[in-house]
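S.K.: Chain by chain, the residues:
Number of protein chains: 2
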Amino acid sequence: MKKKSAYNVAVVGATGAVGTEMLRILEERKFPVDRVLPLASARSAGEDVSFNGQDITVKLLEKDSFAGIDIVLFSAGADTSKEFAPLAVDAGAIVVDNSSAWRMDSHVPLVVPEVNAHALEWHNGIIANPNCSTIQMVVALQPLHKAVCIKRVVVTTFQSVSGTGKDAMEELADQSRKLMSLQESKATVYPHHIAFNCLPHIDDFLPSGYTKEEMKMVNETQKIMEDAMIQVTATTVRVPVFVSHAESINIETKRRLTANEARAILSEAPGVQVYDDPSHQIYPLQIDVAGTDAVYVGRVREDESIANGLNLWVVADNLRKGAALNAVQIAEELIR
Amino acid sequence: MKKKSAYNVAVVGATGAVGTEMLRILEERKFPVDRVLPLASARSAGEDVSFNGQDITVKLLEKDSFAGIDIVLFSAGADTSKEFAPLAVDAGAIVVDNSSAWRMDSHVPLVVPEVNAHALEWHNGIIANPNCSTIQMVVALQPLHKAVCIKRVVVTTFQSVSGTGKDAMEELADQSRKLMSLQESKATVYPHHIAFNCLPHIDDFLPSGYTKEEMKMVNETQKIMEDAMIQVTATTVRVPVFVSHAESINIETKRRLTANEARAILSEAPGVQVYDDPSHQIYPLQIDVAGTDAVYVGRVREDESIANGLNLWVVADNLRKGAALNAVQIAEELIR
Chain A
173 MKKKSAYNVA VVGATGAVGT EMLRILEERK FPVDRVLPLA SARSAGEDVS
223 FNGQDITVKL LEKDSFAGID IVLFSAGADT SKEFAPLAVD AGAIVVDNSS
273 AWRMDSHVPL VVPEVNAHAL EWHNGIIANP NCSTIQMVVA LQPLHKAVCI
323 KRVVVTTFQS VSGTGKDAME ELADQSRKLM SLQESKATVY PHHIAFNCLP
373 HIDDFLPSGY TKEEMKMVNE TQKIMEDAMI QVTATTVRVP VFVSHAESIN
423 IETKRRLTAN EARAILSEAP GVQVYDDPSH QIYPLQIDVA GTDAVYVGRV
473 REDESIANGL NLWVVADNLR KGAALNAVQI AEELIR
Chain B
173 MKKKSAYNVA VVGATGAVGT EMLRILEERK FPVDRVLPLA SARSAGEDVS
223 FNGQDITVKL LEKDSFAGID IVLFSAGADT SKEFAPLAVD AGAIVVDNSS
273 AWRMDSHVPL VVPEVNAHAL EWHNGIIANP NCSTIQMVVA LQPLHKAVCI
323 KRVVVTTFQS VSGTGKDAME ELADQSRKLM SLQESKATVY PHHIAFNCLP
373 HIDDFLPSGY TKEEMKMVNE TQKIMEDAMI QVTATTVRVP VFVSHAESIN
423 IETKRRLTAN EARAILSEAP GVQVYDDPSH QIYPLQIDVA GTDAVYVGRV
473 REDESIANGL NLWVVADNLR KGAALNAVQI AEELIR
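Read top to bottom, the protein sequences are chains A and B. With the first sequence counted from 1, adding 172 to any position gets you the working numbering. With the second sequence counted from 1, adding 172 to any position gets you the working numbering.
No wet-lab data here; the hints were simulated from the structure. Any given hint might turn out to be false.
Given that identical chains are not distinguished, each listed pair holds provided it fits within a single copy or across any two copies.
With a Cα cut of at most 20 Å, we get these calculated EDC-like pairs of lysine to aspartate or glutamate [what the hints assert, rightly or not]:
(1) Lys175 x Glu286
(2) Lys202 x Glu255
(3) Lys426 x Glu476
(4) Lys323 x Glu476
(5) Lys202 x Asp399
(6) Lys318 x Asp251
(7) Lys202 x Asp465
(8) Lys384 x Asp449
(9) Lys174 x Glu504
(10) Lys323 x Glu342
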């Protein structure tokens with residue numbers, strides 16, 4: 173990307189849970205922004221968003237929105253990305269897309285900077301940001317994979333409602349309030365109540381019985397870690413938590429690693445924080461991790477049910493490292 | 173046990189979350205009760221409990237409480253069971269103990285009637301009721317084990333706060349209410365907030381990094397299924413749900429089983445209900461299952477990461493099948 177002292181950055185879906193976080197992170201990390209252009213559908217265009225202390229009016233996303241824009245961060249769903257990302261590229265911008273639209277396209281790199289920043293070298297204008305639950309998993313697994321080669325991953329997720337969006341956060345709050353005051357409440361965003369309940373259902377079901385979310389964890393992991401031999405099986409579950417995803421991850425490795433060795437490797441790994449002192453009740457928790465940037469790993473244990481195995485508990489803010497932060501980190505790599 | 177037309181039944185811990193449920197289930201299932209004797213510590217003795225429409229005063233648990241009693245259901249913690257169960261046996265009663273005190277004692281059968289009712293033949297007065305999370309897992313796994321031999325289990329649990337007791341249910345309600353009205357709230361029962369959070373910590377930690385709860389799922393499963401070759405690794409997590417535990421279970425089997433074959437086997441299995449029609453949003457949910465008796469299995473999927481594997485989502489009411497119901501079912505077997 174052509175070096176400049178500052179860039180014109182558009183954010184598509186600027187009023188959503190992830191879009192809001194993208195603007196906040198661009199600001200926090202002092203991304204060299206000349207002009208910021210918040211874009212959204214007709215439903216949200218005209219609202220104000222805040223950036224560097226200024227209110228900026230959200231503009232309607234249109235075919236010619238991207239003139240003069242250098243970088244576009246998309247977070248407005250796969251259909252919007254499919255339609256508008258190529259137009260942004262035609263207008264000369266580079267797109268970092270947070271939807272599932274381009275992730276498995278062989279012409280589009282799927283990037284977690286700590287894992288495969290080098291894949292940015294072969295982009296054709298669009299770079300895909302992986303699924304939230306995949307990002308935090310690969311940040312934790314890549315350093316272990318380098319050390320002892322991961323053969324198989326069995327993962328079960330505990331995903332917060334913010335992954336669905338602001339309406340889901342409101343639904344959890346509303347249902348919780350009503351149930352606590354013995355009022356009737358309805359499920360509208362999810363097919364069943366999410367307050368005081370766990371839903372083993374994220375994204376659509378496929379004929380195999382897996383959800384699309386579960387298959388993202390299989391396919392995206394292999395693409396990002398650039399190893400089609402890593403076998404992954406996933407069960408993804410929505411839990412009544414507002415922000416941050418937790419994951420119970422079991423890995424089988426080619427060579428044996430003790431829990432201490434794994435903790436030592438993870439302590440040195442980029443983007444990872446080890447929080448693992450159970451005797452002092454220290455393990456990563458979703459409410460603590462919300463609003464922070466790292467991928468937190470705890471409950472590291474040797475799995476005695478196989479020759480070479482480990483269990484891990486991995487937690488990260490799904491709106492930040494799982495989405496907005498990773499997208500901004502990709503943009504930072506692009507302008508480096 | 174000597175046949176009678178009706179039995180004198182004592183319930184130790186009669187005012188607790190499980191004790192209350194034991195009384196309700198004895199009543200619901202028309203267990204042939206002559207006299208029911210609710211017992212508790214000094215903290216709760218003197219309170220009234222309801223049985224068959226009558227209020228019965230809870231008596232203080234003492235050394236000589238068991239004269240004339242045929243069956244004692246204990247649910248008052250391991251220390252109480254250690255001290256009082258042998259006294260009950262000396263007084264001529266048979267004990268069904270819901271604590272962890274005797275579960276791994278080689279002289280004590282550990283029984284889930286659907287799985288190993290035959291183990292009741294060699295009891296010496298005490299029968300142990302397994303841990304809640306283990307009971308629902310073995311009810312679902314035993315029929316699959318018979319069919320294709322399970323080699324390894326990787327399980328992650330989503331356990332409700334009622335497993336801790338009534339005080340934990342109140343803490344979840346209180347914290348939820350306060351957080352929803354932006355008031356400060358404290359964690360007292362758990363080391364961290366449980367409202368809108370998941371705690372990867374159930375029971376005490378061992379030097380290996382596993383919790384006692386996790387090791388119960390390893391050791392009790394092998395004892396109940398009478399197969400020390402079944403390898404189990406567990407991650408147990410407390411979730412902000414009031415009643416029912418859910419489990420994400422991955423199994424590796426000797427012979428291959430399709431998801432359809434597994435569903436067919438489970439549909440015929442005692443104590444199991446298959447709830448597995450994702451295209452109609454049907455899978456077992458904790459809030460739906462609370463107050464019912466079966467172990468519900470859904471999300472049955474072939475695990476393509478290994479030659480012969482399956483993923484399952486298993487849900488049951490932890491107070492009923494996970495505790496009180498299983499104890500009463502054991503008592504029913506004893507008087508058959």
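S.K.: Checking an output row: Lys323 and Glu476, CA cutoff 20 Å. Within, between, both or neither?
M.R.: Classified as both: same-chain Cα gap 16 Å, cross-chain 13 Å, threshold 20 Å.
S.K.: As a check of your reading, is Lys174 near Glu504 (CA-CA no more than 20 Å) within one copy, between copies, both or neither?
M.R.: within (13 Å within a copy, 79 Å between copies)
S.K.: Quick one: Lys318 to Asp251, C-alpha cut-off 20 Å, is that within a copy, between copies, both, or neither?
M.R.: neither (36 Å within a copy, 48 Å between copies)
S.K.: Is it within, between, both, or neither for Lys202 and Glu255, if the alpha carbons may be no more than 20 Å apart?
M.R.: neither (30 Å within a copy, 65 Å between copies)
S.K.: Quick one: Lys426 to Glu476, C-alpha cut-off 20 Å, is that within a copy, between copies, both, or neither?
M.R.: both (15 Å within a copy, 19 Å between copies)
S.K.: I want to check one pair: Lys384 and Asp449. Are their C-alpha atoms no more than 20 Å apart within a copy, between two copies, both, or neither?
M.R.: between (35 Å within a copy, 16 Å between copies)
S.K.: Evaluate Lys202 and Asp465 at a C-alpha cut-off of 20 Å and name the case that applies: within, between, both or neither.
M.R.: within (15 Å within a copy, 57 Å between copies)
S.K.: Can you tell me if Lys175 and Glu286 fall within 20 Å by alpha carbon in one copy, between copies, both or neither?
M.R.: Answer is neither: 22 Å inside a copy and 70 Å across each miss the 20 Å cutoff.
S.K.: Tell me, please, which holds for Lys323 and Glu342 at an alpha-carbon limit of 20 Å: within, between, both or neither?
M.R.: Neither, since 40 Å and 44 Å both go past 20 Å.
S.K.: Which holds for Lys202 with Asp399 at a C-alpha limit of 20 Å: within a copy, between copies, both or neither?
M.R.: Answer is neither: 34 Å inside a copy and 60 Å across each miss the 20 Å cutoff.
Comparing the model with each earlier hint shows violations of hints 1, 2, 5, 6, 10; every other hint is respected.
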